[in-house]
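There are 2 protein chains.
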Amino acid sequence: MKILIPGMDGYIGWALALKQLKIGNQVCGIDNFSRRRNVEEMGSYSALPILEMKERLKFLRETFGEKVSFFQGDLLDVDFTNDIVSKVKPDVIVHLAEQPSAPYSMIDQEHNIYTQKNNVIGTLNLLHSVQKHVPKAHLIKLGTMGEYGYDPGLDIPEGFFEVEFRGKKATVPFPKIAGSWYHWTKVHDSNNIMFACKLWNLKSTDIMQGIVYGTKTEQTIDENYHTRFDFDEAFGTSMNRFCAQAVIGYPLTIHGSGGQTRGFLALSDSIQCISLLIDNPPDDGEYRVVNQFDEQYSVLEIAKKIQNIGNQKGLNVEIKSKENPRLESEKHYYNADHEKLKNLGFKRTREIDDEIGIMIEHLLPYKDRIEERKEVIVKNIKWQK
Amino acid sequence: MKILIPGMDGYIGWALALKQLKIGNQVCGIDNFSRRRNVEEMGSYSALPILEMKERLKFLRETFGEKVSFFQGDLLDVDFTNDIVSKVKPDVIVHLAEQPSAPYSMIDQEHNIYTQKNNVIGTLNLLHSVQKHVPKAHLIKLGTMGEYGYDPGLDIPEGFFEVEFRGKKATVPFPKIAGSWYHWTKVHDSNNIMFACKLWNLKSTDIMQGIVYGTKTEQTIDENYHTRFDFDEAFGTSMNRFCAQAVIGYPLTIHGSGGQTRGFLALSDSIQCISLLIDNPPDDGEYRVVNQFDEQYSVLEIAKKIQNIGNQKGLNVEIKSKENPRLESEKHYYNADHEKLKNLGFKRTREIDDEIGIMIEHLLPYKDRIEERKEVIVKNIKWQK
Numbered sequence: 001m002k003i004l005i006p007g008m009d010g011y012i013g014w015a016l017a018l019k020q021l022k023i024g025n026q027v028c029g030i031d032n033f034s035r036r037r038n039v040e041e042m043g044s045y046s047a048l049p050i051l052e053m054k055e056r057l058k059f060l061r062e063t064f065g066e067k068v069s070f071f072q073g074d075l076l077d078v079d080f081t082n083d084i085v086s087k088v089k090p091d092v093i094v095h096l097a098e099q100p101s102a103p104y105s106m107i108d109q110e111h112n113i114y115t116q117k118n119n120v121i122g123t124l125n126l127l128h129s130v131q132k133h134v135p136k137a138h139l140i141k142l143g144t145m146g147e148y149g150y151d152p153g154l155d156i157p158e159g160f161f162e163v164e165f166r167g168k169k170a171t172v173p174f175p176k177i178a179g180s181w182y183h184w185t186k187v188h189d190s191n192n193i194m195f196a197c198k199l200w201n202l203k204s205t206d207i208m209q210g211i212v213y214g215t216k217t218e219q220t221i222d223e224n225y226h227t228r229f230d231f232d233e234a235f236g237t238s239m240n241r242f243c244a245q246a247v248i249g250y251p252l253t254i255h256g257s258g259g260q261t262r263g264f265l266a267l268s269d270s271i272q273c274i275s276l277l278i279d280n281p282p283d284d285g286e287y288r289v290v291n292q293f294d295e296q297y298s299v300l301e302i303a304k305k306i307q308n309i310g311n312q313k314g315l316n317v318e319i320k321s322k323e324n325p326r327l328e329s330e331k332h333y334y335n336a337d338h339e340k341l342k343n344l345g346f347k348r349t350r351e352i353d354d355e356i357g358i359m360i361e362h363l364l365p366y367k368d369r370i371e372e373r374k375e376v377i378v379k380n381i382k383w384q385k
Numbered sequence: 001m002k003i004l005i006p007g008m009d010g011y012i013g014w015a016l017a018l019k020q021l022k023i024g025n026q027v028c029g030i031d032n033f034s035r036r037r038n039v040e041e042m043g044s045y046s047a048l049p050i051l052e053m054k055e056r057l058k059f060l061r062e063t064f065g066e067k068v069s070f071f072q073g074d075l076l077d078v079d080f081t082n083d084i085v086s087k088v089k090p091d092v093i094v095h096l097a098e099q100p101s102a103p104y105s106m107i108d109q110e111h112n113i114y115t116q117k118n119n120v121i122g123t124l125n126l127l128h129s130v131q132k133h134v135p136k137a138h139l140i141k142l143g144t145m146g147e148y149g150y151d152p153g154l155d156i157p158e159g160f161f162e163v164e165f166r167g168k169k170a171t172v173p174f175p176k177i178a179g180s181w182y183h184w185t186k187v188h189d190s191n192n193i194m195f196a197c198k199l200w201n202l203k204s205t206d207i208m209q210g211i212v213y214g215t216k217t218e219q220t221i222d223e224n225y226h227t228r229f230d231f232d233e234a235f236g237t238s239m240n241r242f243c244a245q246a247v248i249g250y251p252l253t254i255h256g257s258g259g260q261t262r263g264f265l266a267l268s269d270s271i272q273c274i275s276l277l278i279d280n281p282p283d284d285g286e287y288r289v290v291n292q293f294d295e296q297y298s299v300l301e302i303a304k305k306i307q308n309i310g311n312q313k314g315l316n317v318e319i320k321s322k323e324n325p326r327l328e329s330e331k332h333y334y335n336a337d338h339e340k341l342k343n344l345g346f347k348r349t350r351e352i353d354d355e356i357g358i359m360i361e362h363l364l365p366y367k368d369r370i371e372e373r374k375e376v377i378v379k380n381i382k383w384q385k
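If you're matching them up, the sequences are chains A and B in order.
Residues in the first sequence are numbered consecutively from 1, following full-length UniProt numbering.
Residues in the second sequence are numbered consecutively from 1, following full-length UniProt numbering.
Bear in mind the hints are in silico, worked out from the structure with no lab data behind them.
Don't take every hint at face value.
[Stated by the list, open to error] Subject to a maximum C-alpha distance of 30 Å in a straight line, what follows is the list of computed BS3-like cross-link-like pairs (lysine-lysine):
#: 1; chain 1: A; residue 1: 313; chain 2: A; residue 2: 379
#: 2; chain 1: B; residue 1: 385; chain 2: B; residue 2: 367
#: 3; chain 1: A; residue 1: 382; chain 2: B; residue 2: 340
#: 4; chain 1: B; residue 1: 342; chain 2: A; residue 2: 203
#: 5; chain 1: B; residue 1: 331; chain 2: A; residue 2: 198
#: 6; chain 1: B; residue 1: 347; chain 2: B; residue 2: 305
#: 7; chain 1: B; residue 1: 382; chain 2: A; residue 2: 132
#: 8; chain 1: B; residue 1: 385; chain 2: A; residue 2: 89
#: 9; chain 1: A; residue 1: 54; chain 2: A; residue 2: 374
#: 10; chain 1: A; residue 1: 168; chain 2: B; residue 2: 340
#: 11; chain 1: B; residue 1: 168; chain 2: A; residue 2: 340
#: 12; chain 1: A; residue 1: 385; chain 2: A; residue 2: 367
#: 13; chain 1: B; residue 1: 89; chain 2: B; residue 2: 340
#: 14; chain 1: B; residue 1: 89; chain 2: A; residue 2: 136
#: 15; chain 1: A; residue 1: 87; chain 2: A; residue 2: 132
#: 16; chain 1: A; residue 1: 331; chain 2: B; residue 2: 203
[To be verified] Listed below are several chain B residues computed to face chain A (Cβ distance under 10 Å; list not exhaustive):
#: 17; residue: 107
#: 18; residue: 110
#: 19; residue: 162
#: 20; residue: 183
#: 21; residue: 219
#: 22; residue: 361
#: 23; residue: 364
#: 24; residue: 365
[As the list claims (entries may be wrong)] Simulated coverage check for chain A against chain B, where a stretch passes if three residues somewhere in it have a Cβ under 8 Å from a Cβ of chain B:
#: 25; stretch: 23-31
#: 26; stretch: 85-98
#: 27; stretch: 150-164
Every residue gets a Cβ at the ideal spot worked out from N, C-alpha and C, and that includes glycine.
Next comes chain A alone, as it looks inside the complex (with noise of 0.2 Å):
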């Protein structure tokens, strides 16, 4: 199969193009660098050493040879996008190429508008690309267990539920109730998406991911391959800067309570769950929901852990309470399913306190990295200001 990866550049992207390459598919990347950029702009870099993408291909073309190929480029270009689809003719698309932080959309109105931009024209563009050029490719795309919001008061079902109104029932979407800008464009493109497949046929995976942790997949264990694993406010994820907490003895920053509770998922789990879903497509014109996550904790179970297993490990982890930055729930009623991934061959590869010991060891040697730029890990950016 034909892989096209916008996005892959970034954190899942780079490990997802590594295992489809290794499972002997073909993949495309595109990429405009702009995490990179972003991140730099928060102060910041990827706690593991990355190398730049002229030198990733290097490498991959070694192994890979023809198999792999990559274009430089933005989705809100229309011309780009319609060239290379038109180009690659792929059999599956997995979008990732969205700016991915709700922090940074909340940073002011030029950080909101860009994301808002950035997210919904270039999802716009591809799907408009898809139409024209491979009307029968399966596009995979990330979205965020964050669309439905985390205290609707209701169990969250997978996309749609049946509801009854005065004595007449029928099956809509489940409701929307983001918590930030960037939320809200997932949201946005969520609905675009399932309009699109209405209206053109189209089959599409629309992905409402849990929270992503972990710092490799077999595929990238070598420096050569790392994935990127960033620790500060805006682009790292609360499992993984609380793991860049533990190794640098930085006490790792609840929000408030900590009561938040969230679906969580191995990095290596996810590109499973990717890769299951590029395996079993949906029939031509079905928009399908998947919540992929593995387990739900609270944020302070999830620092609990941490905890625990760096000081297993002669590490000393504080947990230390700030004010919370963000609109949300402390304490809220969570109960997600998470059926349809399980259903089609997911099993976790392992437990989540295993995957944090391999985590905390692999940061380890990367300590000075992350020391040196701790002031970028609580950068207090306020929802409300």
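Assemble the complex: chain A is given as a structure, and chain B must be docked to it using the hints.
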């Protein structure tokens, strides 16, 4: 009160400005004149001749002096928008500055992207300006009943409904299942506005408006004060198009069986409703949704009304079915609430049959203008190419 009206040059914007001036409020208009350009792009113009804004303002200033002001510019221009909002410091903003045509958004990729950028980013810029400069102002935003979709299989409440799912109850946004790229931009806007109200404690009324019809209000009778009246496929609403067709002896073109049921509202009543909302703002932080229409009819029922009334006036009005270019149900359950505006005091100005008679009489002297551009009435902009 000081009312800012982005989109003042449009069909509703102009009529609303005149009404608000008439009752003694200050009005500041904004427009980039995109409606005039976009209608021209469709090969059309307003059936009722309208003046250029410069001349419109000359007449207004004779009567209202300093109470009226106007700025040419675009909400996509961040500095312009911030500048006007901070200088004018409006009490109320009635945001009508959107690309309002579903068919126009469906022409091709370029028209879709234009619509999404114009509407979504324009509204976001306005929200940021309100937050920065007039956080206590009441933002009234024009949405559409089409945000809910026309065949959800459930009664349609005003914005929110209580659902029970697996034994838990919650009040959540009613699902949005729009049927064109344009309609989806209104959904994206609604979602962004709902979030802004929560985030910044803004107050906003989001109007889910039905199909507006009519050639005039009490304030737009004189030719110098005409508001525009579009009859082309993209910018003319179904009822307005039918009346234009009746006047020139062009069969009323219903799509398919004409069983599409919609909410309808006369222009003068749209202005009445917006004026009621201006006078009755929601609370700080409240995101209020109102369904703004008077009566529900199927498109065929509307066509028959116009046929009967036209024939009574000696016109020879035929109804002709054409292939439906849209993606929509032609027979469906439809029952939408519209109580909130009645509770604020809304009463229809006159019966729909009387308004149709007035429209036809008003259009008859401009028969030649419509005749000259009759090829724009059916352009056959298809949803699915």
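Checked hints:
1. A:313 x A:379: Holds, because 28 Å separates the two Cα atoms, which is no more than 30 Å.
2. B:385 x B:367: violated, 33 Å
3. A:382 x B:340: violated, 36 Å
4. B:342 x A:203: violated, 43 Å
5. B:331 x A:198: holds, 18 Å
6. B:347 x B:305: holds, 21 Å
7. B:382 x A:132: holds, 15 Å
8. B:385 x A:89: Cα-Cα ~20 Å, so holds.
9. A:54 x A:374: Holds, because 29 Å separates the two Cα atoms, which is no more than 30 Å.
10. A:168 x B:340: holds, 23 Å
11. B:168 x A:340: Holds - the C-alpha atoms of residue 340 of chain A and residue 168 of chain B are around 23 Å apart, at most 30 Å.
12. A:385 x A:367: violated, 33 Å
13. B:89 x B:340: holds, 28 Å
14. B:89 x A:136: violated, 52 Å
15. A:87 x A:132: holds, 12 Å
16. A:331 x B:203: Holds - the C-alpha atoms of residue 203 of chain B and residue 331 of chain A are around 27 Å apart, at most 30 Å.
17. 107: violated, 12 Å
18. 110: holds, 8 Å
19. 162: Since chain A brings a Cβ to about 8 Å from residue 162 of chain B, closer than 10 Å, the hint holds.
20. 183: holds, 9 Å
21. 219: Residue 219 of chain B check fails; min Cβ-Cβ to chain A is 36 Å, beyond 10 Å.
22. 361: violated, 40 Å
23. 364: Violated: closest Cβ of chain A sits about 39 Å from residue 364 of chain B, beyond 10 Å.
24. 365: Hint on residue 365 of chain B: violated, closest Cβ of chain A at ~41 Å, above 10 Å.
25. 23-31: violated (count 0)
26. 85-98: It is violated: at least three residues are needed, and the stretch 85-98 of chain A offers just 0 whose Cβ sits closer than 8 Å to chain B.
27. 150-164: holds (count 8)
Violated hints for the displayed structure, listed by number in ascending order: 2, 3, 4, 12, 14, 17, 21, 22, 23, 24, 25 and 26.
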